[in-house]
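**Student:** Sequence:
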Amino acid sequence: MTALLTNTPLIETENLILRAPQPGDWPQWDDFARSDRARYIGGPYTQGKSWRAFGHAVGMWVLRGFGSFIVTERGSNTAIGMTGPWFPADWPEKELGWTMWRDDLEGKGLMFEAASAARDFAFGQLGWDTAVSYIEAGNIRSVALAQRLSAVLDPDAPLMETDKEVLVYRHPRPEGLS
1 MTALLTNTPL
11 IETENLILRA
21 PQPGDWPQWD
31 DFARSDRARY
41 IGGPYTQGKS
51 WRAFGHAVGM
61 WVLRGFGSFI
71 VTERGSNTAI
81 GMTGPWFPAD
91 WPEKELGWTM
101 WRDDLEGKGL
111 MFEAASAARD
121 FAFGQLGWDT
131 AVSYIEAGNI
141 RSVALAQRLS
151 AVLDPDAPLM
161 ETDKEVLVYR
171 HPRPEGLS
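Heads up, the sequence shown is in full-length UniProt numbering, so the first residue is 1 and it goes up one at a time.
Quick caveat, the hints were computed from the structure, so don't treat them as lab data.
Just so you know, these numbers come straight off a predicted model, no measurement behind them.
Worth double-checking, as some hints may not be accurate.
Stated by the list, open to error - Derived SDA-like pairs (lysine to any residue); straight-line CA-CA distance at most 20 angstroms:
hint, residue 1, residue 2
1, Lys94, Thr162
2, Lys108, Gly176
3, Lys164, Gly97
4, Lys49, Arg37
5, Lys94, Gly65
6, Lys49, Trp26
7, Lys164, Gly138
8, Lys94, Val143
9, Lys164, Gly176
10, Lys108, Thr78
11, Lys49, Gly65
12, Lys94, Ser150
13, Lys108, Arg64
14, Lys108, Ser76
15, Lys94, Pro174
16, Lys49, Arg39
17, Lys94, Gly176
18, Lys94, Lys49
19, Lys49, Gln28
20, Lys49, Asn77
21, Lys49, Asp154
22, Lys108, Ala144
Using the sequences and the hints given, assemble the complete structure.
**Tutor:** If you want it as structure tokens, here you go:
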């Protein structure tokens, strides 16, 4: 028996739908997590680590009342990525994170559209005062997206415990954007 998260928000943008994770998203996540595309989030994963990471994403909704949204294109329920508010117990700050799971959808502005909506949700619906994105150094696509979202490098921001070189980009509140 599987269960679905209930009473979770659904965000619709021009091209996308952002929703809570569902059991049917596991195959797309696992394909991504076990590929080289996951290298900037600790991958490629084994199947076991992929399973635990997906469970962590689902569990964030239960434990925090928010979490990363699954991103789908309008008219399809197939997951293409994940974005949204993220705040594990041992992280110093609330994060806006993102992962695009498919190579063929890179560079089309879809993750910008999704992350913009997720940022607006975190600041608006959740009442966040600040948010950062933790980006592994060398992840030029994520750095470019953070900058496109008007986030700025914050060299004084506290880091979570990691053995990687991580850049911290601080997001402005949406009403501060022009």
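**Student:** List in ascending order the numbers of the hints, as given earlier, that are violated by the structure.
**Tutor:** 2, 9, 11, 13, 18, 20 and 21
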